[in-house]
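Based on the provided sequences and hints, a complete structural model is requested.
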Amino acid sequence: MTTSVIGLSIDAADAAALAAFWSKVLHRPVNPGATAESAAIDATDPTSGPKLAFWKVPEPKSVKNRLHLDLWTDEFDAESKRLTDLGATPVADAEKSAVRWTTFADPEGNEFDLVGSLPAG
1 MTTSVIGLSI DAADAAALAA FWSKVLHRPV NPGATAESAA IDATDPTSGP KLAFWKVPEP
61 KSVKNRLHLD LWTDEFDAES KRLTDLGATP VADAEKSAVR WTTFADPEGN EFDLVGSLPA
121 G
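Using our numbering, the letters of the sequence shown correspond one by one to residues 1 to 121.
There could be a bad hint or two in this list.
[Unchecked claim] In the DSSO-like style, the derived pairs of lysine-lysine whose C-alpha atoms are separated by at most 27 Å in a straight line are:
id: 1; residue 1: Lys96; residue 2: Lys56
id: 2; residue 1: Lys64; residue 2: Lys24
id: 3; residue 1: Lys51; residue 2: Lys24
[Claimed, not checked] Distance ranges between label pairs, derived from CB positions:
id: 4; residue 1: Ala13; residue 2: Ser97; range: 21 to 27 Å
id: 5; residue 1: Asn31; residue 2: Thr84; range: 23 to 29 Å
id: 6; residue 1: Ser117; residue 2: Pro58; range: 37 to 43 Å
Treat the hints as calculated values from the structure; they're not laboratory data. Quantities reported herein were computed from a predicted structural model and do not represent experimental measurements. Even for Gly, the Cβ is constructed at its ideal location relative to N, Cα and C.
In structure tokens, the structure reads:
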């Protein structure tokens, strides 16, 4: 028997708006029929990651999320700027061994990390 992760569900105040943000971040279209109550972004190929489903919940985010996305980039500075331009907020920077990352918050405050190699030198 095999068990696989096919998707992640993300709580939202406005599912369509949050899906639109992540659609731009991941360069993946929001599925047709998105509403403020529910929206989804399918994987476009095996390397694009799992399906993301966004569900409206009545309560606001109040503490650090227990699960977050880690995004890899080969162009850390440019991608950091692009994410900020899309509405992400930088929260903290870190480095370890040969990698660096910035924790961002999406427009609804959900944390995620942008990870990249440390510059040579």
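Outcome of the hint check:
no.: 1; hint: Lys96 / Lys56; result: 36 Å, violated
no.: 2; hint: Lys64 / Lys24; result: 23 Å, holds
no.: 3; hint: Lys51 / Lys24; result: 15 Å, holds
no.: 4; hint: Ala13 / Ser97: 21 to 27 Å; result: 37 Å, violated
no.: 5; hint: Asn31 / Thr84: 23 to 29 Å; result: 26 Å, holds
no.: 6; hint: Ser117 / Pro58: 37 to 43 Å; result: 41 Å, holds
Against the hints set out earlier in the document, violations occur for numbers 1, 4.
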